Amino acid sequence: MIERKETKQRMSRAVIHNNTVYLCGQVAKDSTADISEQTKTMLEKVDILLFDIGSSKEQILSATIYIKTMNDFQAMNKVWDSWVPKGQAPARACVQAQMAREELLVEISVIAAI
Amino acid sequence: MIERKETKQRMSRAVIHNNTVYLCGQVAKDSTADISEQTKTMLEKVDILLFDIGSSKEQILSATIYIKTMNDFQAMNKVWDSWVPKGQAPARACVQAQMAREELLVEISVIAAI
Amino acid sequence: MIERKETKQRMSRAVIHNNTVYLCGQVAKDSTADISEQTKTMLEKVDILLFDIGSSKEQILSATIYIKTMNDFQAMNKVWDSWVPKGQAPARACVQAQMAREELLVEISVIAAI
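Protein chains in written order, with our numbering: chain A, 1 to 114; chain B, 1 to 114; chain C, 1 to 114.
Hints are not guaranteed to be accurate.
Since the list gives no way to pick one copy over another, a pair counts as held whenever it fits inside one copy or between any two copies.
Said to hold, decoys possible - Computed cross-link-like contacts, EDC-like style, restricted to lysine to aspartate or glutamate with a CA-CA straight-line distance of at most 20 Å:
#  : residue 1 : residue 2
1  : K40       : D52
2  : K86       : E6
3  : K5        : D72
4  : K29       : E3
5  : K86       : D34
6  : K78       : E44
7  : K40       : E58
8  : K5        : E102
9  : K5        : D81
10 : K86       : D72
11 : K86       : E3
12 : K8        : E58
13 : K57       : D47
14 : K8        : E102
15 : K8        : D81
16 : K5        : D52
17 : K86       : E102
18 : K40       : E3
19 : K8        : E103
20 : K78       : D52
21 : K8        : D34
Hint data in this document are derived by calculation from the structure and do not stem from the laboratory.
Nothing here was measured: the structure is a model prediction, and the numbers come from that model.
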């Protein structure tokens with residue numbers, strides 16, 4: 001009834017239930033990079049994670065984006081807008097918050113259909 | 001399987017899947033207004049959006065409220081409490097966070113049944 | 001179709017729909033305690049709430065943790081890691097945010113299967 005992917009002690013990277021998948025918060029691959037690169041690699045990780053479970057960015061229902069400073073809002077959105085599949089954008093909220101590590105500039109929580 | 005409403009490049013205003021609707025983050029109609037008025041018009045936008053897809057505030061499952069300063073917590077709650085239908089309140093969390101635009105005092109993420 | 005538990009004017013402590021339960025934000029029982037104790041009693045409240053509706057921590061799908069300061073991240077995680085059932089960890093995101101009351105150090109939003 002509940003299916004989990006890449007489960008460690010602290011969290012699973014994805015949890016599936018009722019045709020819905022909940023991803024753990026995704027951050028940049030390289031946290032020393034700037035906001036554009038961090039957003040790009042964060043979204044690549046979302047792509048890979050969704051692909052691995054048989055979903056895709058075309059099936060994202062809801063995304064919550066946490067950004068360290070709203071000064072980076074436009075640069076983040078530029079990468080986001082080009083990543084979102086035309087006509088299949090999810091619901092989204094974006095607020096300012098600091099992440100677990102000081103150098104992380106952006107994090108995303110995703111709920112998708114599967 | 002997935003139905004979207006008012007889809008633009010960045011986000012959809014509502015995404016429906018599995019009898020559940022995810023709304024994009026709703027903010028005040030007029031961001032120069034005070035917290036009471038911002039909360040009021042934000043919730044009116046939730047009402048309209050839910051109505052347009054055949055849901056209603058009586059069917060909200062979960063609400064996440066982001067408030068710019070907890071100094072506004074009581075004033076926001078006063079409007080919230082009078083808006084929530086008696087006996088049909090959703091699960092709720094409220095934390096302090098800054099929104100995309102400096103002048104926005106409150107934002108809400110809603111998941112509802114449909 | 002929608003079942004609510006402990007509904008007050010402001011919120012319900014749990015809302016069930018479509019085999020999924022949404023809990024309201026849970027905080028420590030005693031907000032004067034340190035981060036370890038606050039995390040412990042917060043998670044105890046999650047346990048009780050899930051038990052009361054016929055779910056359990058083994059069925060958590062997604063958890064969003066808000067922590068007042070990332071200085072407390074390790075201490076919070078120590079309690080979290082020992083609480084999470086081995087092999088059944090949920091998806092998780094954790095960001096820094098201030099809660100409704102100044103003294104609260106941590107809050108959690110939970111979505112679980114039922």
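Each hint, compared with the structure:
no., hint, in the structure
1, K40 to D52, "within (18 Å within a copy, 34 Å between copies)"
2, K86 to E6, "between (30 Å within a copy, 12 Å between copies)"
3, K5 to D72, "neither (31 Å within a copy, 28 Å between copies)"
4, K29 to E3, "neither (25 Å within a copy, 32 Å between copies)"
5, K86 to D34, "neither (26 Å within a copy, 36 Å between copies)"
6, K78 to E44, "within (15 Å within a copy, 30 Å between copies)"
7, K40 to E58, "within (17 Å within a copy, 33 Å between copies)"
8, K5 to E102, "neither (27 Å within a copy, 37 Å between copies)"
9, K5 to D81, "between (28 Å within a copy, 17 Å between copies)"
10, K86 to D72, "neither (23 Å within a copy, 38 Å between copies)"
11, K86 to E3, "between (30 Å within a copy, 14 Å between copies)"
12, K8 to E58, "between (27 Å within a copy, 14 Å between copies)"
13, K57 to D47, "within (6 Å within a copy, 28 Å between copies)"
14, K8 to E102, "neither (23 Å within a copy, 32 Å between copies)"
15, K8 to D81, "between (32 Å within a copy, 10 Å between copies)"
16, K5 to D52, "within (9 Å within a copy, 28 Å between copies)"
17, K86 to E102, "neither (33 Å within a copy, 29 Å between copies)"
18, K40 to E3, "neither (28 Å within a copy, 27 Å between copies)"
19, K8 to E103, "neither (24 Å within a copy, 31 Å between copies)"
20, K78 to D52, "neither (26 Å within a copy, 30 Å between copies)"
21, K8 to D34, "neither (29 Å within a copy, 26 Å between copies)"
When each numbered hint is compared with the structure, violations occur for hints 3, 4, 5, 8, 10, 14, 17, 18, 19, 20, 21.
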